[in-house]
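Chemist: Here's the letter readout for the chains.
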Amino acid sequence: MYTMVLSILHRASGLYLSACGFLLVGWLVAAALGPEAYACAIRFFTTLAMRIVLLLALAAFWYHLFAGCRHLAWDTGHGFEKKVARRTGTVVVLLAAAALAATLILTPAGRFVAGVP
Amino acid sequence: MSGRAGTGSHHWRNQRLTSVALLPLGLWFLIALLRQPGLDYAIVSGWFAKPLQAFLAALFGATLLWHSMLGVQVVLEDYVRGPLRRFTIGLSRLAHTAAALALACALFRLVTGGAG
Chain A
13 MYTMVLSILH
23 RASGLYLSAC
33 GFLLVGWLVA
43 AALGPEAYAC
53 AIRFFTTLAM
63 RIVLLLALAA
73 FWYHLFAGCR
83 HLAWDTGHGF
93 EKKVARRTGT
103 VVVLLAAAAL
113 AATLILTPAG
123 RFVAGVP
Chain B
7 MSGRAGTGSH
17 HWRNQRLTSV
27 ALLPLGLWFL
37 IALLRQPGLD
47 YAIVSGWFAK
57 PLQAFLAALF
67 GATLLWHSML
77 GVQVVLEDYV
87 RGPLRRFTIG
97 LSRLAHTAAA
107 LALACALFRL
117 VTGGAG
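Line order of the protein sequences matches chains A and B.
Counting from 13, one number per residue, gives the positions in the first sequence under our numbering.
Counting from 7, one number per residue, gives the positions in the second sequence under our numbering.
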């Protein structure tokens, strides 16, 4: 059950990051179009709704990265035993939470997204 | 079982190859992004005006979009039935290809001096 939820979460975070990839392209296209288009994009990305979207993107990034490593290990035939899979699942969640907290606390952009002045 | 080229084991292998490539590229991009002193126009256009940075961003973007396209296709193959499946997969491929082209144009413009 727990392993299944984490597996679904890997897919969900992947889909979410796909959508965010398009936002990222939009951000760079705005920068290439010039200062006015870029200022417009920044106004869009700094709205409260988009800050929540970006906060979730950071969480999805770290979860998908660590869970992806776990999937790659499975692909090479490691860690498939039920007990080991449960334990590595917990490690993935803890690592993602720690990395998310670090990016939110330690970087200016992270603090902005987290709403910390 | 569409039997089309690029599906099956190629798809599986490419999904893994891009995921391994995205580990360093994704970490590079996120850390570089978060380490910028700000994200105003001057800083961001200055960042991608450097050829190496623009090249890494292009590599990251292309790998990300490829990995994303393969991942979205797996999800669509699992959850969408009937003729809608082929349509949505085609739509996803089109959107990802368009995004890759837009990204390439944007980075080219930024690395060659931007819009001023």
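Just to be clear, a hint being listed does not mean it is correct.
Unchecked claim - Just the calculated beta-carbon pair ranges, DEER-fashion:
#1 127(A) x 65(B): 28 to 38 Å
#2 59(A) x 19(B): 39 to 49 Å
#3 14(B) x 120(A): 40 to 50 Å
#4 104(B) x 117(A): 32 to 42 Å
#5 91(A) x 17(B): 37 to 47 Å
#6 94(A) x 44(B): 45 to 55 Å
#7 20(A) x 16(B): 20 to 30 Å
#8 52(B) x 59(A): 46 to 56 Å
#9 97(B) x 94(A): 32 to 42 Å
#10 59(A) x 16(B): 35 to 45 Å
#11 19(B) x 58(A): 35 to 45 Å
#12 103(A) x 26(B): 17 to 27 Å
As the list claims (entries may be wrong) - Partial list, derived from the structure: chain B residues whose beta carbon lies under 7 Å from chain A:
#13 23
#14 24
#15 25
#16 49
#17 52
#18 79
#19 107
#20 108
#21 109
#22 116
Stated by the list, open to error - From the derived model, a few chain B residues whose C-beta atoms are all more than 10 Å from chain A:
#23 42
#24 63
#25 88
Keep in mind that the hints were calculated from the coordinates and are not lab data.
Being a predicted model, the structure only gives us computed values, none of them experimental.
We treat Cβ as the ideally placed atom computed from N, Cα and C, and that holds for glycine.
Chemist: Are the hints correct? Go through all of them and say.
Modeler: Each hint, compared with the structure:
Distance hint check for residue 127(A) and residue 65(B): the Cβ-Cβ separation is about 33 Å, which falls inside the suggested range of 28 to 38 Å. Between residue 59(A) and residue 19(B) the CB atoms are about 41 Å apart, so this pair conforms to the stated range of 39 to 49 Å. For residue 14(B) and residue 120(A), the hinted distance range of 40 to 50 Å is satisfied, since their beta carbons lie about 45 Å from each other. Between residue 104(B) and residue 117(A) the Cβ separation comes to about 37 Å, which falls inside the hinted range of 32 to 42 Å.
Between residue 91(A) and residue 17(B) the Cβ separation comes to about 23 Å, which falls outside the hinted range of 37 to 47 Å. Look at residue 94(A) against residue 44(B): about 48 Å separates their beta carbons, and that is inside 45 to 55 Å. At about 26 Å, the CB distance of residue 20(A) to residue 16(B) agrees with the hint of 20 to 30 Å. The supplied range of 46 to 56 Å is broken by residue 52(B) and residue 59(A), whose beta-carbon atoms lie about 25 Å from each other.
In this structure the hint that residue 97(B) and residue 94(A) lie 32 to 42 Å apart at CB holds, the actual value being about 38 Å. Our hint of 35 to 45 Å for residue 59(A) and residue 16(B) holds, since their Cβ atoms are close to 41 Å apart. Under the hint 35 to 45 Å, the C-beta atoms of residue 19(B) and residue 58(A), about 40 Å apart, fit the expected range. Separation of residue 103(A) from residue 26(B) is about 20 Å and conforms to the stated range, judged on CB atoms against 17 to 27 Å.
With a cut of 7 Å, the hint placing residue 23(B) at the interface with chain A is violated, because the nearest CB-to-CB distance is about 11 Å. The interface hint given for residue 24(B) is broken, as the beta carbon of that residue sits about 10 Å from the closest beta carbon of chain A, more than 7 Å. This hint holds: residue 25(B) has a C-beta 5 Å from the nearest C-beta of chain A, less than the 7 Å allowed. With a cut of 7 Å, the hint placing residue 49(B) at the interface with chain A is violated, because the nearest CB-to-CB distance is about 10 Å.
The closest approach between the C-beta of residue 52(B) and any C-beta of chain A is roughly 10 Å, which is over the 7 Å cut-off, so the hint fails. For the restraint placing residue 79(B) at the interface with chain A, the shortest Cβ-Cβ distance is roughly 11 Å, beyond the 7 Å limit, so the hint is violated. Evaluation of the residue 107(B) hint against chain A yields a violated restraint, the C-beta minimum of about 10 Å exceeding 7 Å. Because the smallest distance between the Cβ of residue 108(B) and any Cβ of chain A comes to about 5 Å, under 7 Å, the interface hint for this residue holds.
The beta carbon of residue 109(B) comes within 5 Å of a beta carbon in chain A, closer than 7 Å, and the hint placing it at the interface holds. The closest approach between the C-beta of residue 116(B) and any C-beta of chain A is roughly 5 Å, which is under the 7 Å cut-off, so the hint is satisfied. Not every CB of chain A lies more than 10 Å from the CB of residue 42(B), the least distance being 7 Å, so the non-interface label is violated. For residue 63(B), the requirement that its beta carbon stay farther than 10 Å from each beta carbon of chain A is not met, with the minimum near 8 Å.
With a minimum CB-CB distance of about 21 Å to chain A, residue 88(B) clears the 10 Å threshold, and the non-interface call stands.
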